[in-house]
Amino acid sequence: MDRFHDRTALVTGASKGIGRAIAIRLASEGAHVAVNFNEDEDGAGRVVEQIIACGGNAFPVQADVGAPGDIEAMFTVIAEKLGRLDVLVNNAGIYRSRPIEELDAAEFDRHFHTNVLGGMMAVQAAMPLLNAGSAILFISSTASTQAPALGSVYSATKGAVTSVIKSLAKELAPSGIRVNGVSPGFVRTEGVALAGMIGTEFEQQIVAATPLARAGRPEDIAAAAAFLTSYEADFITGEVLVVSGGQAM
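Residue 88 in the UniProt record's numbering sits at position 88 of the sequence shown, with consecutive numbering throughout.
Everything labelled a hint here was simulated from the structure, so no lab data went into it. One should not assume that every hint holds.
Straight-line C-alpha distance at most 20 Å; calculated SDA-like pairs for lysine to any residue [what the hints assert, rightly or not]:
#, residue 1, residue 2
1, K166, G176
2, K170, G238
3, K16, I94
4, K170, F59
5, K166, Q124
6, K170, M197
7, K166, A132
8, K81, F59
9, K81, Q146
10, K81, D6
11, K166, A233
12, K16, Q50
13, K16, M197
14, K81, D109
15, K170, I94
16, K166, M121
17, K16, G45
18, K81, E49
19, K16, Y95
Computed from a prediction, not measured in an experiment: that's the story for all the values here.
Turn these sequences into a full structure, and let the hints guide you.
Structure, rendered in structure tokens:
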């Protein structure tokens with residue numbers, strides 16, 4: 001398939017995990033991809049190298065999406081290098097698990113600035129580059145509806161993301177811009193591995209409760225993201241596609 005021939009895309013948080021898989025998938029279908037990273041410059045470089053080695057086009061761009069100044073600088077680079085933006089994937093996010101007794105306002109603000117406000121500010125900064133036919137995608141989480149213990153702040157941010165998707169979809173529809181989301185279940189990523197969740201009883205319980213009997217892969221989410229941001233979904237907006245192997249039914 002070549003659904004993104006001559007199209008441009010920005011994927012935030014694309015140096016690893018789900019973001020990396022989405023960037024690679026879009027590039028494999030013809031998109032010229034801006035690979036955003038915050039701290040992992042080497043990881044972003046490897047993603048770009050992989051895309052180019054396979055005949056695609058990509059470049060890295062640094063920004064902390066939780067910092068409005070960084071977002072402005074990132075879109076200055078996007079404007080210079082791409083000229084327009086056909087696809088914006090708001091994937092960057094953070095997750096910290098802790099009991100309510102240990103919650104502080106600074107951590108709450110950091111989660112919301114990165115997971116919610118960051119995506120909204122990215123859309124705002126992208127508006128001059130978007131056009132009729134452009135697509136915006138937010139990566140949410142099944143935690144928004146199946147909130148885990150110790151994850152109240154993260155779950156709240158992902159619930160907010162769902163509301164943002166639906167509101168922006170209505171706001172931007174007259175401009176021909178679609179806004180959707182993907183809500184992954186348990187996915188085997190580097191972040192999940194660093195959290196010590198892979199190969200644990202927790203993962204076994206999740207898989208046992210999943211009708212398709214396995215954990216998710218980043219490529220599963222990338223496939224959904226590619227569909228929703230492609231012309232094949234041009235009559236879909238304001239939707240959040242759950243990709244959980246049936247676990248979130």
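How the hints compare with the structure:
For the suggested pair K166 and G176, the alpha carbons sit about 15 Å apart, so the restraint of at most 20 Å is met. Of the supplied pair hints, the one linking K170 and G238 holds, its CA atoms being roughly 7 Å apart against a limit of 20 Å. With a C-alpha separation of about 13 Å, the suggested pairing of K16 with I94 holds against the 20 Å cut-off. Distance restraint check for K170 and F59: the Cα-Cα separation of roughly 32 Å exceeds the 20 Å cut-off, and the hinted pair is therefore not satisfied.
For the given pair, K166 sits about 16 Å from Q124 by alpha-carbon distance, which is consistent with the 20 Å threshold. A C-alpha spacing of about 38 Å is found between K170 and M197, which places the hinted pair above 20 Å, so the restraint is violated. A threshold of 20 Å between alpha carbons decides the hint, and for K166 with A132 the separation of about 18 Å falls inside it, so the pair holds. Straight-line distance between C-alpha atoms of K81 and F59 comes to about 9 Å, which keeps the hinted pair within the 20 Å bound.
Distance restraint check for K81 and Q146: the Cα-Cα separation of roughly 40 Å exceeds the 20 Å cut-off, and the hinted pair is therefore not satisfied. For the suggested pair K81 and D6, the alpha carbons sit about 14 Å apart, so the restraint of at most 20 Å is met. For the hint linking K166 to A233, the alpha-carbon distance of about 16 Å falls within 20 Å, and the restraint holds. At roughly 12 Å between alpha-carbon atoms, K16 and Q50 fall within 20 Å of each other, so this suggested pair holds.
For a cut-off of 20 Å, the pair hint linking K16 to M197 stands: about 17 Å separates their Cα positions. Our distance criterion of 20 Å between C-alpha atoms is broken by K81 and D109, whose separation comes to about 32 Å. A threshold of 20 Å between alpha carbons decides the hint, and for K170 with I94 the separation of about 27 Å lies outside it, so the pair is violated. A C-alpha spacing of about 16 Å is found between K166 and M121, which places the hinted pair at or below 20 Å, so the restraint holds.
A C-alpha spacing of about 11 Å is found between K16 and G45, which places the hinted pair at or below 20 Å, so the restraint holds. In summary, the hint linking K81 to E49 is supported, as the alpha carbons are separated by about 17 Å, within the 20 Å threshold. Distance hint between K16 and Y95 is fulfilled; the C-alpha atoms sit about 15 Å from each other, no more than 20 Å.
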